[in-house]
Each structure stands twice: as structure tokens, then as C-alpha cells.
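K.L.:
Sequence:
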Amino acid sequence: MPDDMSLSETPRASDETSGSQIPQEELDRLTDELIMAFKSVFDPEIPVDIYELGLIYKVDIDDDRKVDIDMTLTAPGCPVAGDMPGWVENAARTVEGVKDVEVRLTFDPPWDPSRMSDEARLALNML
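According to the numbering used here, the sequence shown is numbered sequentially starting from 209.
No wet-lab data here; the hints were simulated from the structure.
These numbers come from a predicted model, not from an experiment.
Ideal placement from N, C-alpha and C gives every residue a C-beta, glycine not left out.
Wrong hints could be hidden among the right ones.
Stated by the list, open to error - Calculated lysine-lysine pairs in the DSS-like style (CA-CA distance at most 30 angstroms, straight line):
#1 K274 / K247
#2 K266 / K247
#3 K247 / K307
#4 K266 / K307
#5 K274 / K307
Unchecked claim - Per label pair, the in silico range of CB-to-CB distance:
#6 V288 / S322: 14 to 24 angstroms
#7 V288 / L330: 22 to 32 angstroms
#8 P255 / P317: 22 to 32 angstroms
#9 G290 / P317: 28 to 38 angstroms
#10 S248 / K307: 18 to 28 angstroms
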């Protein structure tokens with residue numbers, strides 16, 4: 209999450225085309241359920257979920273209900289770098305209505321602790 213983003217302004221699924229055929233109510237439901245799915249994925253070395261850590265950079269849902277996710281890791285050499293994108297994909301696929309999922313791993317911008325939510329900072333005694 210960017211430095212100026214509060215928990216209430218967390219990344220939301222975006223509708224980049226102005227004429228989305230998905231009703232806003234359904235898009236909101238999909239977004240909320242995707243966030244809950246992301247919160248079920250944990251970095252094994254950190255007792256905080258990947259969403260609160262700020263590892264999810266972008267979520268897009270297209271009209272065919274394909275979900276594109278850009279995410280990062282806490283470090284490029286993370287021991288679960290090969291596994292975590294699959295965990296995120298599997299979690300997103302559990303959301304009712306999601307038809308397909310693609311997860312892209314990026315290190316631009318690199319993750320740093322400022323991306324964590326206050327909840328994550330509290331859990332890690334960083335407040």
C-alpha cells in the first residue's frame with residue numbers, strides 16, 4: 209500500500225473500462241471476497257497475511273470475471289517466491305463468480321515496511 213493509503217483506502221478491484229458490464233454491487237462483492245481470500249494467505253516467516261503486509265499491488269476484474277493480480281514479496285530472495293503466487297491464485301479461485309485468475313509477481317516498486325497496514329504493524333509490534 210502506498211504511504212498515504214489508509215486501511216479504508218486499500219487496493220480495490222478496478223474497473224478500468226468505463227463501460228463495465230459487471231454491476232457495481234457484484235464488483236463490490238467480488239472485491240470484498242477477494243480481499244478476504246488474500247487475507248487467508250500468509251508468508252510462512254511472518255505471522256501477518258499478505259494483504260495486510262501490502263503485498264497485493266493491483267487487482268483488476270474484467271467483464272469475463274477474469275481476475276488479474278499484481279503482487280510482490282517482502283524480498284526477491286523470499287524462500288516461497290516460487291509458491292506464493294500459486295497460493296494467491298488458488299485463494300482467488302475460491303471466490304464465487306471468479307472465472308479465471310492470473311497472478312503476476314513484480315518487484316517494481318520494491319516492497320518496504322511502509323506498505324503495511326496498521327493492523328500488520330500492530331501484529332509485528334512495530335507501532
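K.L.:
Output the numbers, in ascending order, of every earlier hint that fails for this structure.
P.N.:
Violated hint: only 9; rest satisfied.
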